[in-house]
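Q: Next come the chains, spelled out residue by residue.
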Amino acid sequence: MSVLLTAVATLGAIGAGSAAILYMVGQKFKVEEDPRIQEVQDSLPAANCGGCGFPGCASFASACVKAESMDGLFCPVGGQDTMDKVAALLGRTAPVAAKKIAVVRCSGTCDSRPRLNLYDGASNCTIASALYGGDTGCSFGCLGLGDCVDSCTFDAIHINPVTLLPEVVEDKCTACGACVKACPKDIIELRKQGPKSRRIYVSCVNKDKGGVAKKACDVACIGCSKCQQVCPFEAITIENNLAFIIDDKCRLCRKCVPVCPTSSILELNFPPRKETPPAPKEEEAIVTA
Amino acid sequence: MLKTFRIGGIHPKEKKISAGKAIQPIAIPDQVIIPLSQHIGAPCQPVVKKGDTVKVGTLIGKSVGFVSTNIHSPVSGTVLKIDKALDASGYKRDAVFIKVEGDEWEASVDRSPELKKTCDLASGEILNKIAAAGIVGMGGATFPSHVKLTPPPGTKAEILIINGVECEPWLTSDHQLMMEKSDEILVGTTIVMKALNVQKAIIGIENNKQDAIRLFNQKAKEYAGITVEPLKVQYPQGGEKQLIDALTGRQVGSGALPISVGAVVQNVGTVFAIYEAVQKNKPLVERVVTVTGKEVKQPCNILSRVGIPLNDLIGVAGGLPETTGKVVSGGPMMGKALASTDIPVTKGTSGILIIPTLEAKRKAMKDCIRCAKCVSVCPMGLNPTLLMNLTEYEVWDRAEQEHITDCIECGSCSYTCPADRPLLDYIRLGKGKVSGIIRSRKN
Chain E
1 MSVLLTAVAT LGAIGAGSAA ILYMVGQKFK VEEDPRIQEV QDSLPAANCG GCGFPGCASF
61 ASACVKAESM DGLFCPVGGQ DTMDKVAALL GRTAPVAAKK IAVVRCSGTC DSRPRLNLYD
121 GASNCTIASA LYGGDTGCSF GCLGLGDCVD SCTFDAIHIN PVTLLPEVVE DKCTACGACV
181 KACPKDIIEL RKQGPKSRRI YVSCVNKDKG GVAKKACDVA CIGCSKCQQV CPFEAITIEN
241 NLAFIIDDKC RLCRKCVPVC PTSSILELNF PPRKETPPAP KEEEAIVTA
Chain U
1 MLKTFRIGGI HPKEKKISAG KAIQPIAIPD QVIIPLSQHI GAPCQPVVKK GDTVKVGTLI
61 GKSVGFVSTN IHSPVSGTVL KIDKALDASG YKRDAVFIKV EGDEWEASVD RSPELKKTCD
121 LASGEILNKI AAAGIVGMGG ATFPSHVKLT PPPGTKAEIL IINGVECEPW LTSDHQLMME
181 KSDEILVGTT IVMKALNVQK AIIGIENNKQ DAIRLFNQKA KEYAGITVEP LKVQYPQGGE
241 KQLIDALTGR QVGSGALPIS VGAVVQNVGT VFAIYEAVQK NKPLVERVVT VTGKEVKQPC
301 NILSRVGIPL NDLIGVAGGL PETTGKVVSG GPMMGKALAS TDIPVTKGTS GILIIPTLEA
361 KRKAMKDCIR CAKCVSVCPM GLNPTLLMNL TEYEVWDRAE QEHITDCIEC GSCSYTCPAD
421 RPLLDYIRLG KGKVSGIIRS RKN
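In the order they appear, the protein sequences are chains E and U.
Note that this note's numbering has the first sequence beginning at 1, numbered continuously upward.
Note that this note's numbering has the second sequence beginning at 1, numbered continuously upward.
Bear in mind the hints are in silico, worked out from the structure with no lab data behind them.
Where a beta carbon is used, it is the ideal one built from N, C-alpha and C, also for glycine.
Hints may be right or wrong, so weigh each one.
A few chain E residues that face chain U, going by a derived Cβ cut-off under 7 Å, partial list only [to be verified]:
1) Asn117
2) Gly121
3) Ala122
4) Thr126
5) Ile127
6) Leu131
7) Tyr132
8) Gly133
9) Ser139
10) Glu189
Below, in silico cross-link-like pairs of lysine to aspartate or glutamate (EDC-like), each with a Cα-Cα straight-line distance of 20 Å or less [stated by the list, open to error]:
11) U:Lys92 with E:Asp135
12) E:Lys207 with U:Asp94
13) U:Lys49 with U:Glu106
14) U:Lys55 with U:Asp30
15) U:Lys361 with E:Asp120
16) U:Lys16 with U:Glu359
17) E:Lys85 with E:Glu68
18) U:Lys433 with E:Asp150
19) E:Lys181 with U:Glu392
20) U:Lys366 with U:Glu392
21) E:Lys207 with U:Asp83
22) U:Lys156 with U:Glu125
23) E:Lys209 with U:Asp94
24) E:Lys249 with E:Glu239
25) U:Lys363 with E:Asp120
26) E:Lys214 with U:Asp83
27) E:Lys85 with E:Asp120
Working from the sequences, and respecting the hints, build out all of it.
A: Put into structure tokens, the structure is as follows:
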């Protein structure tokens, strides 16, 4: 019996002693953490996608708390609501940022862009693009092997089995930018979602000369600059035989769309056109970032 | 017991059906396309413009930077334009288009067939001539030769190794060149020895080229310091590090250059080009290309000028068989499948291999069964299956620790994998990423 008692007493004493030492060490080396970091983190979506530019939600939260103002800090997944909440917690105001969405700037479907050879290697765009320009005559366009699909944490981008091009699901896309980084051809771009999801963009990244581009793909931008001439807002630039619509300047007047000889400028979610192209509407100007 | 390298390696079927076929000439077409990037390193700066007349051997692309080299016109005629053209890289890159008129050579080139044995130039002058002539490694890697022959400060070459291994199945261009130009290759070897100031050279030839071994054994006696060593047939013995190990027993460390063990390796084709450049003032404008394949009517070895479309070469070999599934530039192990046969021969085109559809199709990838065959065949002692997984999951720091950058891309792992996993495809991707990370860390 006494053996048992001795054992209990000894172990109890060692336990108590260790607890005391741990407590003292804990007090001495305590790390003071701003309690607001946890609060901010709790209001974030916890997607840990890295779309904000930080390794995860926790580091974004601590960056928000440490920063002087909310400029340049934006959680694409939570959007404006989340940023307003975070700003309120910290007693600041969040700048209003336009909601963005990923757009795939390639319309080269199987019909418009004939396949010239068959790729038989590993099913990965980065590997294929290191080997050659692609299975069509266009060496800039989508390879259709789905690196963007693999990179998306939100199930927001899928390859259309008919066109073999990726399509973005508007409701799911958070504009985290993972697909933009994953695409070896730099086809995907984050653009403003636009009022009522209406947006216009040049759906082509081919920098070849007009004739070469047209030969490879029916819907390639040939750099003819017709859209640039018709644009009343100087929103279109032409560089390396390729037109580009500057998001901040575009007022969604849609004048460029019908003049494009190859239909490479796309308009999304607009109501059907009337016979004559309407004058630039006083559509609520897109708020600038 | 024949020598070979000590780690890994495989022995694919040799299938050298074009062996012994004499090197034949090919007609020059009406127009040639000369890519301005035919070597590892910075692309050339064009020094001709539209309408310029050029002769064979006229400089058309000037080297920019240290790792770069010159490009000369392989034909005489008029420059049509400088434009983008598809080449073996699979992308459109800058190239000089030349309309061919006659076949007039630069006066400085000595076109006589006589063997010129003696070379009185000093080491520096030889290197200058090699650099000016645009010589690159002809085994396929196309690394500028003058750079390789200039040991970095603090290092000293002790031994020159001539690579007559040609370990790729199907290819015979080096073999045939050795049979027909043995004297030139041996003189070229003495020139390179002089440039490097070494007293010893070994010519390594695999044992499946008995005739070449006999010929070189007999002729090398006339040249001091050159020995011939037959080697066991084993792929990838033509890799620099493997060949050094096989011939000298020295092992080049991870990330180190062959010069760290005092060795410099040159391909027989390169040595022949060096002979022509130094002794005959002839820049690198032509090379031997093997055109072969299971269903090719007349497998052959062609002496082709740079810039001639592959289609013409395939025509000489009897045309593209109907069953063609894949056309590869280079050998079956390290060669590259082409998106088009309408691309020009470049300095690095060692062969054209035409594979029938039935054999061209890759098998579907299956799950890894952990048999470790890839580990046992890797000549660099790496763990290919681990490297593939690390690349797939983007664990770059671990991939670096596992020496992914040491991969020589020989493809032995993919060849041997019973689950048909695209090991090399992924490792090459990871190697590129990790090399990029290492470079960005240095800057």
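Q: Now tell me, hint by hint, if it's right for this structure.
A: Evaluation of the provided hints:
For E:Asn117, the interface hint holds, since its Cβ comes within 7 Å of a Cβ in chain U; the closest pair sits about 5 Å apart. Evaluation of the E:Gly121 hint against chain U yields a held restraint, the C-beta minimum of about 6 Å falling below 7 Å. Given the 7 Å rule on beta carbons, the hint for E:Ala122 holds: about 4 Å separates it from the nearest Cβ of chain U. A distance limit of 7 Å between C-beta atoms decides the matter here; for E:Thr126 the minimum to chain U is near 6 Å, and the interface restraint holds.
Hint status for E:Ile127 relative to chain U: holds, with the closest Cβ pair at about 5 Å, below 7 Å. Because the smallest distance between the Cβ of E:Leu131 and any Cβ of chain U comes to about 6 Å, under 7 Å, the interface hint for this residue holds. Taking 7 Å as the C-beta cut-off, the interface hint given for E:Tyr132 holds, the closest approach to chain U being about 2 Å. A least Cβ separation of about 5 Å between E:Gly133 and chain U falls short of the 7 Å threshold, and the interface hint therefore holds.
A least Cβ separation of about 5 Å between E:Ser139 and chain U falls short of the 7 Å threshold, and the interface hint therefore holds. Here the hint on E:Glu189 is broken, as its CB sits about 22 Å from the closest CB of chain U, past 7 Å. Under the criterion of a C-alpha separation no larger than 20 Å, the hint pairing U:Lys92 with E:Asp135 is consistent with the structure, at around 14 Å. A hinted pair counts as satisfied when its Cα atoms are at most 20 Å apart, and E:Lys207 with U:Asp94 qualifies at roughly 14 Å.
Pair hint U:Lys49 plus U:Glu106 holds up; C-alpha atoms about 18 Å apart against a cutoff of 20 Å. Under the criterion of a C-alpha separation no larger than 20 Å, the hint pairing U:Lys55 with U:Asp30 is consistent with the structure, at around 15 Å. A hinted pair counts as satisfied when its Cα atoms are at most 20 Å apart, and U:Lys361 with E:Asp120 qualifies at roughly 7 Å. This hinted pair checks out: U:Lys16 and U:Glu359 have alpha carbons roughly 17 Å apart, not beyond 20 Å.
Between E:Lys85 and E:Glu68 the alpha-carbon distance is near 17 Å, which keeps this suggested pair within the 20 Å criterion. A C-alpha spacing of about 18 Å is found between U:Lys433 and E:Asp150, which places the hinted pair at or below 20 Å, so the restraint holds. Distance hint between E:Lys181 and U:Glu392 is fulfilled; the C-alpha atoms sit about 16 Å from each other, no more than 20 Å. A C-alpha spacing of about 15 Å is found between U:Lys366 and U:Glu392, which places the hinted pair at or below 20 Å, so the restraint holds.
Note on E:Lys207 and U:Asp83: the hinted pairing holds, with a Cα-Cα distance of about 14 Å set against a maximum of 20 Å. Our distance criterion of 20 Å between C-alpha atoms is met by U:Lys156 and U:Glu125, whose separation comes to about 19 Å. Our distance criterion of 20 Å between C-alpha atoms is met by E:Lys209 and U:Asp94, whose separation comes to about 14 Å. The straight-line distance between the Cα atoms of E:Lys249 and E:Glu239 is roughly 17 Å, inside the 20 Å bound, and the hint therefore holds.
Distance check on the hinted pair: U:Lys363 and E:Asp120 sit about 9 Å apart at the alpha-carbon level, within 20 Å; holds. Between the alpha carbons of E:Lys214 and U:Asp83 the distance comes to roughly 17 Å, so the proposed pair stays at or under 20 Å and holds. With a C-alpha separation of about 50 Å, the suggested pairing of E:Lys85 with E:Asp120 is violated against the 20 Å cut-off.
The structure is inconsistent with the numbered hints 10 and 27, although it conforms to all the rest.
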